[in-house]
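Visitor: Please arrange chain B on chain A, whose structure you already have, making use of the hints.
Number of protein chains: 2
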Amino acid sequence: MSVSMIHNEDAPLHKLDELSGRKILAYNKDIMMVEVHFKTNGRGAVHTHPHVQCTYVRSGLFEFTVDNKPVIVGPGDSLVFESNQPHGTLCLEEGILVDVFTPMREDFLK
Amino acid sequence: MSVSMIHNEDAPLHKLDELSGRKILAYNKDIMMVEVHFKTNGRGAVHTHPHVQCTYVRSGLFEFTVDNKPVIVGPGDSLVFESNQPHGTLCLEEGILVDVFTPMREDFLK
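Keeping their order, the protein sequence lines are chains A and B. Using numbering that gives the first Met the number 0, you'd call the opening residue of the first sequence number 0 and step up by one each time. Using numbering that gives the first Met the number 0, you'd call the opening residue of the second sequence number 0 and step up by one each time.
One chain only, chain A, in its complex shape:
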């Protein structure tokens, strides 16, 4: 299972709720890259998953809750979450996060 190259405009934006949506970008069985588009006040509720995750802020301003502490991140800032580490975000200014998971998120393809 592999998508070796994907142009951004060819990836459909799947609506998650009124204020957020996800694009699945390149992936194989070991790694998956997605964009999450947020409008201001959009939220990613605190959650966990076994996959290790890196997040890169492409644009916008976000508050993350990491180990019960708030951190504010903007373009070019990055975070890593261990397997099953609780994490969540609040979008302070409309923008895009690039989330990368290892292994890939089978659940995102359903």
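One or more hints might be untrue.
[What the hints assert, rightly or not] With the C-beta cut set under 7 Å, the calculated list includes, among others, these residues of chain A facing chain B:
1) SER19
2) ILE23
3) TYR55
4) LEU60
5) VAL70
6) ILE71
7) ASP76
Since the hints were made in silico from the structure, they are not lab data. Glycine included, C-beta positions come from ideal geometry on N, C-alpha and C.
Guide: Chain B in isolation, oriented as in the chain A frame:
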């Protein structure tokens, strides 16, 4: 070994050559995110490594050689390279690539 959050301006830009440099962003043992900054005509020579890699184009325009074929990618486009798959790039317009590796690149910390 873990850097759970890093502000972009706190990551030093390590010069690779006259036309490129690397910033190490968030990582743990399983995953590592880096930025590679290229000026126009900068090159990443075709190379291989055992790590699986995803690449996200933050800005600029790049030609990649994938399976001996050239592909041109711009902002938001993404690629994935299998373990030991040869890959390289030529920067057509100054920009930044976000490379993500699993497992992390111990060799980048030396």
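Visitor: Now tell me if each hint is right for this structure.
Guide: Do the hints match the structure? See the list:
Restraint check, SER19 (chain A) versus chain B: the minimum CB separation of about 17 Å is more than 7 Å; hint violated. The beta carbon of ILE23 (chain A) is not positioned within 7 Å of any beta carbon in chain B (closest approach about 10 Å), and the interface hint is therefore violated. For TYR55 (chain A), the interface hint holds, since its Cβ comes within 7 Å of a Cβ in chain B; the closest pair sits about 5 Å apart. The interface hint given for LEU60 (chain A) is violated, since its Cβ lies 12 Å from the closest Cβ of chain B, which is over the 7 Å cut-off.
Hint on VAL70 (chain A) holds. Least Cβ distance to chain B is approximately 6 Å, under the 7 Å limit. This hint is violated: ILE71 (chain A) has a C-beta 10 Å from the nearest C-beta of chain B, more than the 7 Å allowed. Taking 7 Å as the C-beta cut-off, the interface hint given for ASP76 (chain A) holds, the closest approach to chain B being about 5 Å.
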